[in-house]
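A.B. asks: Keeping their order, the protein sequence lines are chains F and B. Positions in the first sequence are counted from 1; adding 1 to them yields the working numbering. Positions in the second sequence are counted from 1; adding 1 to them yields the working numbering.
No wet-lab data here; the hints were simulated from the structure. Treat the hints with care, as some may be off.
Identical copies go unnamed one by one, so any copy, or any two together, can satisfy a pair.
[What the hints assert, rightly or not] Below 25 Å or equal to it, Euclidean Cα-Cα: the simulated SDA-like pairs (lysine to any residue) are: (1) K248 x E275; (2) K201 x A343; (3) K70 x I373; (4) K403 x T54.
None of the values given here were measured: they were computed from a predicted structure.
Protein chains: 2
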Amino acid sequence: MSLSTDELAVYFDYLRFPSISAAPAHQQDCRDCANWLVELLAKWGLASALHETDGHPIVLAHTARESSKQTLLIYGHYDVQPVEPLALWETPPFEPSLREGLVHARGATDNKGQTAALLIGLRRLLGRGPLPVNLVIFIEGGEEIGSPYLADFISTHRPQIACDGVLVCDTSLVTAGWPAITLGLRGIVCLEILIHGPAKDLHSGIFGGATANPAQALSRILARATDADGRITIPGLYDDVLPVSNKELISWQVLPWTAEWFTATTRCSAPTGEQNYSLLERVWARPTFEINGLTSGHQGSGSKTIIPATALAKISLRLVPNQDPDVIAALVATWLNQQIAAEGFVGEVTIDHGGYPFFTPPENPLVHAAEIALTQTFGRAPAFTREGISIPIASLLQREMKVPIILAGLGLADCNAHSPNESFPISHLELGAQFLENYVAQLGSSAAPSHTTSPNELHS
Amino acid sequence: MSLSTDELAVYFDYLRFPSISAAPAHQQDCRDCANWLVELLAKWGLASALHETDGHPIVLAHTARESSKQTLLIYGHYDVQPVEPLALWETPPFEPSLREGLVHARGATDNKGQTAALLIGLRRLLGRGPLPVNLVIFIEGGEEIGSPYLADFISTHRPQIACDGVLVCDTSLVTAGWPAITLGLRGIVCLEILIHGPAKDLHSGIFGGATANPAQALSRILARATDADGRITIPGLYDDVLPVSNKELISWQVLPWTAEWFTATTRCSAPTGEQNYSLLERVWARPTFEINGLTSGHQGSGSKTIIPATALAKISLRLVPNQDPDVIAALVATWLNQQIAAEGFVGEVTIDHGGYPFFTPPENPLVHAAEIALTQTFGRAPAFTREGISIPIASLLQREMKVPIILAGLGLADCNAHSPNESFPISHLELGAQFLENYVAQLGSSAAPSHTTSPNELHS
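With the hints as constraints, model all of the structure from the sequences given.
C.D. replies: Pasting the structure below:
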């Protein structure tokens, strides 16, 4: 099956809304886009409604619900990133343009293209009669600004969004033609350590030799936070780290993100880090302790012979499944405070924001169904990947929904998401549609639903 | 003897010249001040002349020279610091005002007051017939801007300035009534260490765990440059350090710069540093390795989750007699470069300016004569002190003149040198005059001269 004119029109119409969530001037455009989605899905026969939040509205639609069937929720977002610098766009960002197999527009990939692909698949499924699963379509308008109203919305709309799993199509393939299921993401904890030395910068000639230097204390503390391999020495830091399963490790061995890829990308001479772990384990599945910034004393050119009054470091730790950011933040803050005291200084440790890691076990039946569907669609089994970054929406959905979250994206590394000339291969629209068709069929043929909510709640 | 009206007029007339060497607008005022000095000394019977430099002129004068007598050179500077902020002065800086025993004016202490005291003593000596020593008066106009032309002038005027010792009256008493001879000053070496990490700041989520962080490497290097007591671990660093003599150590035991003084002044909880050395040894006679500044990655508020591209530290080392700044700079730079390489990084170590330490041994006959003269003048033996700072002119004179430099100043810690409302106790003018009279008499009664130049050269 190949894309019809109607199907392509859905995608192009969707792209024409300048639904930039960060720009107050585009507030109405976001609402127009949401309304367009609501009407589209209603026209296709779904129960579809616009839901207000304190920000951009949320689109919620569902097929006929039958308690004997599993329920899959498809998450997407209709908002897009800003488009500046406009001068770098080859064609206007909200006038989709097809060139050499690529559709160029803001949101072409992230996330309108990937959502449109699934919606096209949904439309095809609907055209063939009753679905073997219940589908809930959930498209928000605040993902690019941190989904500020999402947790609240989920907690007040649990019956409407109850499901057995969530499909998020907002990540990337390994490379063109090689699908991936992103099973894990790292979390984060950000802290600041400030050490107070003398009440003001002191003359290093008059007082140097008898005055403790906060920058030296900071250096000593930071030096002993990790060993030469970058392994964190803070007691208890690794207690909750989930070991990587053999299934994942084997899957990672053939991935193209090798030491050569790493050095070419970073222009560092070689990967460093924990010697007993592979490169991908280090960047995907191991916690890190990173100095993000150092500030003390003289910052300008030349010399200023002082003992600085303060020394400050910005620190962040990447967390891995099953580390809890609050637990780790407390652990690290306690350790840092102990070190400051051990150095004979007074200081402050401030905990900034944190974020949960994300993990869906590869053994999960919904993952397995996605694995089969992707293999059917691409003619190649998906890789089980992770990413070292956080995708706040993934861990938020996991924590709020308490069901498996399946990250199976259709993007490519060179799609220019968030950048000028964002693009999406038109062929991926077809692949995405087929993937949903295959996934729904696969879920329909698999075991009975294991609802986390009762059928009654589902129909309330 | 107490000050005559004429003597006081010399001081006040001297103070009225706004001889700010740093201000181009005051260039002529500096020259006028120098000419006034030349004429004053000529009027008193000295061979006196203005000598041009590439900057402010130098005043050079001498009494009748006899090769059978020792020659003492008195160094002073007629230039003063800028006066801003003017609003903080209680009376105009160049209209000397006597209030409650203190003369208020820019230069009241530094250095016109101390020079005027010696000149008044000189005038009294001249009124009594031939002197028992040859005196050379050397008053420059660029001390407050780093004496940029002094070394060159000395090297081209060696016959005129040949002497057995130099008296510099530009330091401070211990406290009022307690004289001091400053035997030692620390030198300095300033360096910068820059470590290059990735070619640009990298996303700590994508690359963290396999990317060496230059801020962590810098912390490790700085941490191991000193031990917990602040003792420098760089091999060879202490090789040339001159141990402090017992004569000095005993003199230091009764000085008021105690741990209590230290904590009150710095508001640090207690002095730190090398446990086997007294507080004054640490700040006066021990080398230090000080971090003056740290700069890496994110400097603003909040978090930025990067692996920074670079990490930089500004470092300075205080040096003590007999350390050579060039030798130490090379030693430290070599060590830092080794550490950067050992950490697997590329980086640069830049040597900024350096300055020699200064030392005059307490056993020197000219020091001993000054000790006796100060005891006669103040009724109390002088302390043999040092300072932890550099006084560039002291080490410059020592290196260029190759004779003992006697630092015996008349200032007080609360004289506001370089600050608004600079002042000088009028009684110190009398004490300074008496000190020179006693010093000349003492030198005259001591052993024959040991010229570093031949009598012929002296008279050329």
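A.B. asks: Are the hints correct? Go through all of them and say.
C.D. replies: Evaluated hints:
no.	hint	in the structure
1	K248 x E275	within (21 Å within a copy, 56 Å between copies)
2	K201 x A343	within (22 Å within a copy, 35 Å between copies)
3	K70 x I373	within (19 Å within a copy, 108 Å between copies)
4	K403 x T54	within (22 Å within a copy, 84 Å between copies)
Checked against the numbered hints given earlier, the structure satisfies every one of them.
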